[in-house]
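Visitor: Go by the hints and put chain C onto chain W.
Line by line, the protein sequences give chains W and C.
Throughout the first sequence, residue numbering follows my numbering, covering 1 to 429 in sequence.
Throughout the second sequence, residue numbering follows my numbering, covering 430 to 1335 in sequence.
Because the hints were derived from the structure by calculation, they are not lab data.
Since we're looking at a predicted model, the values are computed, not measured.
Don't take every hint at face value.
Unchecked claim - Within a straight-line C-alpha distance of at most 27 Å, the following computed DSSO-like cross-link-like pairs (lysine-lysine) qualify:
1. W:LYS145 - W:LYS132
2. W:LYS147 - W:LYS132
3. W:LYS194 - W:LYS48
4. W:LYS187 - C:LYS838
5. W:LYS187 - W:LYS132
6. W:LYS194 - C:LYS838
7. W:LYS408 - W:LYS310
8. W:LYS187 - C:LYS562
9. W:LYS48 - W:LYS310
Said to hold, decoys possible - Just so you have them, the derived chain W footprint on chain C, three or more residues with Cβ under 8 Å:
10. 466–477
11. 485–497
12. 555–568
13. 836–848
Using N, Cα and C, we set each Cβ at its ideal position, and we do this for glycine too.
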Amino acid sequence: MSELPLTRNVRADRSPTDLAAYEANGGYGGLRRAMAGLAPGDCLDIVKDSGLRGRGGAGFPTGMKWSFVPMENVSPGHKYLICNADEMEPGTFKDRLLLECDPHQLIEGMILAAYTIGADVAYIFIRAEYLKAAQLLREAIAEAKAKNYLGRDILGSGYHLEMHVHASAGRYICGEETALISSLEGKRANPRAKPPFPQVSGLWGRPTIVNNVETLCNIPHIIERGPEWFQGLGLGGDAGTKLYGVSGRVKNPGCWELPIGTPVREILEDRAGGMEDGYQLRGFLPGGGSTDFLVDEHLDLAMDYETIGKAGSRMGTGTMIILDDRTCPVGFVKNLIEFFAQESCGFCTPCRDGLPWNAQVLDDIEQGRGQLEDMDTLEQHVSYIGAIGNTHCALAPGAMEPLQSALKYFRDDFLRHIEERTCPYREVH
Amino acid sequence: MPVIRVDGQDYEVEAGGNLLETCLELGMDLPYFCWHPAMGSIGACRQCAVVQYQNEEDTRGRIVMACMTPVTEGAIIDLTGDRAAAFRRTVVESLMVDHPHDCPVCAEGGECHLQDMTVMTGHRDRHYRGTKKTYRNQYLGPLIHHEMNRCITCYRCTRFYRDYAGGTDLAALAAHDHVYFGRHREGTLESPFAGDLVEVCPTGVFTDKSLVHDYTRKWDLQSAPSVCTGCGVGCNTLPGERYGRLKRIHNRYNDEVNGYFLCDRGRFGGNHVNDAPRIDYPARREADGRFRALDQAACQAQLADCIAGKRLAGIGSPRAGLEANLLLQRLVGAERFNSGMDDGEHKLLQRSLSHLVNSAARNPSHRDIESADAVLVLGEDLTQVAARTALALRQSVRNEAYRLAAELKLAPWQDAAIRNLAQDRRSPLHIVSAGSTDLDDVAAGHYRLVADDQARLAAQIAAAIDGEPSGDAAVLRIRDDLLAAQRPLVISGASAGSAALLDGAAAIANALARAGREAMLSFTTPECNSLGQALLCRDSHASFESLEASGAEVLIILENDLLRRLSPERVEALRERIPIWIGIDSLETGTLAYCDLVLPAAAFTETEASFVSQEGRAQRAFPVHPPAEARRPGWQWLLALARAAGNTALVALEHFDDIVPTLAGEDPVLQGVMRAAPDHQFRSRGLKIPRQPHRYSGRTAMAADVSVHEPRLSEDRDSALAYSMEGSAAADRPAALLSYVWSPGWNSNQSLHKFQADIGGALRGDSGGARLLDELTMPAVAEAPRPEAFRRRDGQWLLQGRHHLFGSDELSRLSAGPAERAGRAHLYLHPNDAQSLGLAEGDGVTLEGCALELRIDASQVPGSAGYAVGYPETLALRSGQWVPLSVASDWQRPPQVIGSDREAAS
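Just chain C, same shape as in the assembly:
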């Protein structure tokens, strides 16, 4: 390891890095703007200047940019000396020439990297006497607020948006001291990662619109480690709360999962806790059909009344934590417990699980995915289903660039140089899907097939890897690219609804492993705890049909809107067979209208829960704030129900942490969930870990409109976190308990490097989460029958679901911003099919009793029809269904909204 000298002191450091990250890793404070740990160096801001000396005799030295200077043996640099410091001070003074100094009204204030760096450089007195430039801000959609005057032109936004995330509609426009970062005209930022600009921007140019409109000073936010409930990826998040409202969701770094970035469904989709109708009190439905709120005693009585001595059945939920589901399963008995999914989805998940467990290929984390040097995606539009995984794939295709760079001895952090060198040379990514996907722009090949044909192609590729001859050019091309790779990756999932496709994906990965490759196999899962439910129900799962015949007298439904999975008729039928329904939910879903007793559950920001991600990683979400009103975490309601039912096995449970050890006794995999986070007895330096930063203000006053007495602090008996500013916020606290990042002088999220041993590596308190599948054994599943090749039918169209990042999931569309992004559901037809039906773009099409607006899309397989999955108007549609299409009568074409109308409206 090379030794470098900084300010006269020798340090042994890692080879291959640059001086900036090395100095930061050594714990030094060296200001910077344009460098980003995930995006490398470009040398634009000139902020991280140090003086480097050629050798011991060199007394003059020269100013170099630390971020652009590789670590070399014997390097001598001066970081704190006057010359370097004066240069850095002048850089900040130049940057501030046009800055509006509007910190008091800026949403970034207090967590602003520009503020931190300005203070760090010591710049104070302003010498510039000219006028400041001003810019016109743009409307950038419902999620992001734009304030260009604050810009310091570090180019991080466009580097992230375009280079890292593949967006096209944000650019650096104009030149010299008028560089403008925006769209070429006003309009919604289209990238599914636009929200990351909020964290990537070192100042307040791009801010979170929901925070701007419901503003709280950032140091006044209470936050706790959480896990995104938007999809199955399990990104780590840091929701921030004040006055009982969710104010924002920030990324919570996890080097194995989401790194530094979240997708916009995750960042903005959590606002449903504010925006959607919530339930605050338990209620009983009266004879007139209306609900009457119950006080605590009445509720207790009702619970006993409803379930004592009754035969119980339960429907769990893939969006609820594993603990609550486990409780419900034990309360009603596994044979009368449905995981919350219909039988088809359950079986596909079991199949995925079995393949992951029995394959020789590795089930990869995102870090592994980013290292893949060839990728095959089967049947998934990943950007819409598991957006963060798609972002990881965008990085994996760059491995060819890093290989080329290594030939020229360019370090991986030389970002601009490597992009210029590689241009569009990428590691191969092949995408087999029913329509165009958002990754097509970086794909070496895309193959548009309906699900059955996707499965057939997958089987052929697997056979070709095993040496079977093939005359199909696509098969050969994909085979050759996968075999040419060292670390090929196959990604599929249940979105296409095809068991044969899952088999095909596993067969390819297994064939690659047999061929000696470090193969990887990954399956997406639809919801935050889908895989947890699959694990919980791997031995026993009661289908909805079997619940009907179970003879149960009471059905307990945990955080599940059955109407998203069953037709109203099926729900009615189930309702007729089971006389008493108890619904536990945080949201006012349609299902609650069928219930006799409704219990208000805490939302994800108010309860502790473990979720199992698509990687099989169990991760713990902690409550950010105590539940308001009579809301209680789902698991507490279930304990209350257990007591009311007189269930002796469950009444002894007291803490959240008791649930898994007690109830998962003989199941080592479920027991592994306990490794996801330290339990409630954990203490850091003898103290609990605070949720509030020490700068948190107004604690004694914030409830003064209700009572002038300081409210008693809420106690958190179930975790090692405290609803308080007091406690230990040591940098080495476990990653799973990192409730906020802050370090002296580093108030923004850039302080993260103070919590990492190596920049971009694991947190000092480890990565967080526990991989469960490595210890799981499961029987192999019988191969699904190979489907027939697709043949179009006269007058009928094969439905193929299309997923949308905003709109296809249950929760994000309940948040105002994402709901606006979701828009309305569409039907997609190939131009020839549209023409044969006499339909034009924007016309109405009727199918299965619903009318959808037509989008003409050349990527749609002729003879098939795409539809937007998960929208209220398309809940009755299923992928693989054959349907006739007809022109909708009395269809009103949607108004043509042109940009200037939107501007006028906003």
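Next up, chain W with everything else stripped away, as it sits in the complex:
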């Protein structure tokens, strides 16, 4: 078994790691190294070289994102680092593990990230329901402050950083980085058009970086151990480890840190224990509720950004949702679309009015009221709503991914609903 840095402090009973335990296990070593002799530019180079890609779903190279933050000739004022801990993607529960089990790892990563981009204020924007994590983080921040890992003149480096925990108001869209910023400003959680990107004009109009929890948790290890070490952790082209999760009718649903690029089958069978007895795999959403279905033939693919992307889906958050053979795919997709329709911020037309329309069509089909022309409507909406750029942000295109792939892989199920004027899965239950 190769090294698993992110979860090394996660105990079997999932009890939180406090500061003493974190330090005892080498914690804040990365910070000490940086404060003792690394300039922000050095840290940036290390992160760039490491090949770390954002773990929130889009997989954008982290170092490159940071490099867009203006470091010179920037007008006076704050710069901000925001940790996106608003984990609300359906089927996703990986950040929670890190937040609840090892809060200092995140805090150390945030200090290093903030140092790199020259931010003096950092926020942890946390999902409102993560009460326990929020409390742990507040305590951990106080502990870190007491040890001068946070606050004024951190470890005598002359660098200052404040850190705050902000509980989200509980909308999925707050996980979209610009909507998160709007929400943090106290406004409607509407996403913002880009450009300008948050790196230039983000929170309160100032340069801002928003990173996912898991992304930031990688930083201390990268800074401490270096980019080559990090690259060596991955199995394929991607670097590092990844928290993978599986939910659905499997024997052992859960979340595990594995080398990035671990094959799907290994995650599903070795970790999740395979399908429950009496259930067969029909397909799976590899990276949360807004990724395209993959099926049997994709089980031997490596779970990394490139491979999954080539197969027609996205690795997303790396947390799979399994569709079994006794669950109606139409109902499954309808459930997701209803969620996304409900979570639309209501700003742009295709998302606000298009998603509920799709939910209504899917409901009609599932209830046996579908008509053949509904298939055309769904197909048409896939291109109308599903293309990035047609909508204001990525929510609606993401929402359409399960539908678009379900139409490809489970078309017969849709047609049977329409022809039989009922849901063929009803009698199974």
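Guide: Chain C alone, transformed into the frame defined by chain W:
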């Protein structure tokens, strides 16, 4: 200039714009909803989608929102192609999923941008089979009707209301497909610009309550270019009429004055022509004191009887047109002509005029005001006195945001991005006033002082700009902000009643100009033709006192309620000195009760008139419909009086257009009024310009209840407009004659871009109006003595007038809706003063014989008392007066109205 390719055709276009406005400027029809020419782009509705190709080789292209895509050299886009068109069609179909399709009963129908865009996209067949969402509508006050089911969620309303106009009580509530645009609970919309929602909303969510309740199809409205009579700003309006009733007032675009927006006093205050008691027939007061109507012959005889051979005096009116006032002045002689103002107001206006003329600072239009990068307001609550100017100032404070945006190379139309970038960073606005103002929320500093102290502060600021040392932090801060600006603006006016304040404002502007800044100086004027009257009477003005001693035998009062300016005792005194009074008015004012002969004047919707705005811009208002009954325009009555008097100089006048050229002969400034609009001989393509759109219906039937014969069309001999559907409605007709906007496929006011060369720029037929002051010379006035610093007095309070958008002017409070908004007059006291008098909020206070309800207001300067100006109960009060206050005996506290009571009542 970049070249872009649209549908295979190359066009040279302006750099810096977005594809939507560029395509519209090229004359193309590209549907949109959320973009607004004055508010820029946010990319919400996704309606203006086009396909953009990377280069010549790119065959796939991608859908982009035209409003969010900057024009770039060599851009290739496909506007009419199937893919873009199909996308736009689906967008409209999505928007219409929940729309109630209630066009036949919708007040917006026929002038609805949603209808136009739906037709333009070609959407026809509905595929959605689900149920429609419905909403509960809100009571939003007496002016605006709410119908949320029609909403297409374009966010224009809240963007205008909150972002553009600074309102706080309308918001986008809830989320997903249940976004609700309303107040957090029912109640009157508080913004003075709420009425603009009627025009900003692309469909019928917010409609004009007066139109909804007195409904006419929009294409059945007859309209003519008019000018608002609500204040001195001179916003251009388009009143619409049917069956002799004013149905609505819409904004008439003028890029230099009001742009796309009006204030609610202007939009709803004109309803006094329907709501207030009007006079329809000439009448003579009999011995028993009652008036008897006169027929035409009897009236003629009476006129001759009253004035032939008599010595005449006249009182004009700042709410009547310049032409009628000029006629009256010439009829009675300048030495016996009062402009309609008391001597104090007259002198303040002359002082303003002299400062404007003699200052090196520019007298700005609103467009100029919006470009100011630092502003000082002295002694004015602009939102209440000149609301549209206040709205322009709200835009001027955004210049800092545009500066920041330019650093990031963000185009000015990137509205959301710029607001997010700038947040609350604004260009400095400093407000010196007697109490809180509606612009305080965007002000860098506000300084609450009584008028005398305002004037003292102004003088200190002027001295500090000239380099005099000062230890006063406020002085230094204001000085530094003004000097740091390129285009600093100083705004003051006569509201505070202080000559020294006007001097101080001018001194600051002059000092800034000396310091090399492109300084601007602006003064508000109280009424629509106040400045016209000031120009007319700049050489000679008979005060009310001098009229008493003039030996005149007949007093002619033109559209003026003297009781708003003089106490009843003073009116009585004047009445005793001049035996015969002739009153000409459209409204039944208290003054008419003193008159022997009453002549029914046409209201502003029925007569041609020129008004001179605070900017010195002469603008022409045309009659929207012919006057009913025996009403005649004031200027025609005066011509009749001139004939009756045998005045040989005036009897030759025939047309409205003859008045100024003939009578203002040697005065080049007054002659400039003729440039305000083309004369009655103007023709567009050989034809008159119609007041009725070609869709106007029922012409042969609308009077059938009276006579089945088609009525003869009224003739308009005095203007180039016709009371007809026939004529030339060419897009390049002069702006001053733009009687309605319509273009094929564009039935709503969004068709305006078809009349502009550049969006947001001048109309194809130019801006309209003529700036008069640029050619005026006047002697400088002697500086007013610097007032003493304010010291409070025991047992006495210094009165300071507070203006109210609804209630302080004469006309709007005669309209039902605004009258409800005006409420009753209040007295304002600082909490400590109220406590010392043992008074609580809502108590009655007696002063000068009137009892007012107390409002406790921490912004009131201690030792002073604010009072609502212009209310019937406060007409006797004057700013600067010292008065004792006492607790009103037998005061009934007004009932506490709570929201749910109001809802129940409505």
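Visitor: Would you mind marking each hint as holding or not holding in the structure?
Guide: Status of the hints after comparison with the structure:
A hinted pair counts as satisfied when its Cα atoms are at most 27 Å apart, and LYS145 (chain W) with LYS132 (chain W) qualifies at roughly 20 Å. Proposed proximity of LYS147 (chain W) and LYS132 (chain W) is supported: the alpha carbons are some 23 Å apart, at most 27 Å. Between the alpha carbons of LYS194 (chain W) and LYS48 (chain W) the distance comes to roughly 23 Å, so the proposed pair stays at or under 27 Å and holds. Proximity of LYS187 (chain W) to LYS838 (chain C) is assessed by CA-CA distance (about 25 Å); at most 27 Å being required, the pair is judged to hold.
A hinted pair counts as satisfied when its Cα atoms are at most 27 Å apart, and LYS187 (chain W) with LYS132 (chain W) qualifies at roughly 26 Å. Distance check on the hinted pair: LYS194 (chain W) and LYS838 (chain C) sit about 13 Å apart at the alpha-carbon level, within 27 Å; holds. Only pairs whose Cα atoms come within 27 Å are accepted, and LYS408 (chain W) paired with LYS310 (chain W) is accepted, the gap being roughly 16 Å. Under the criterion of a C-alpha separation no larger than 27 Å, the hint pairing LYS187 (chain W) with LYS562 (chain C) is consistent with the structure, at around 25 Å.
This hinted pair checks out: LYS48 (chain W) and LYS310 (chain W) have alpha carbons roughly 24 Å apart, not beyond 27 Å. Counting residues of the segment 466–477 of chain C whose beta carbon lies closer than 8 Å to any beta carbon of chain W gives 6, which meets the minimum of three for the stated coverage. Counting residues of the segment 485–497 of chain C whose beta carbon lies closer than 8 Å to any beta carbon of chain W gives 4, which reaches the threshold of three, so the coverage claim holds. Coverage of the segment 555–568 of chain C by chain W holds. Counting CB-CB distances below 8 Å, 4 residues qualify, and the rule asks for three or more.
Chain W is given as covering the segment 836–848 of chain C, and this holds because 6 residues of the stretch bring a CB closer than 8 Å to a CB of that chain, at least three being needed.
Taken one by one, the earlier hints all hold for this structure without exception.
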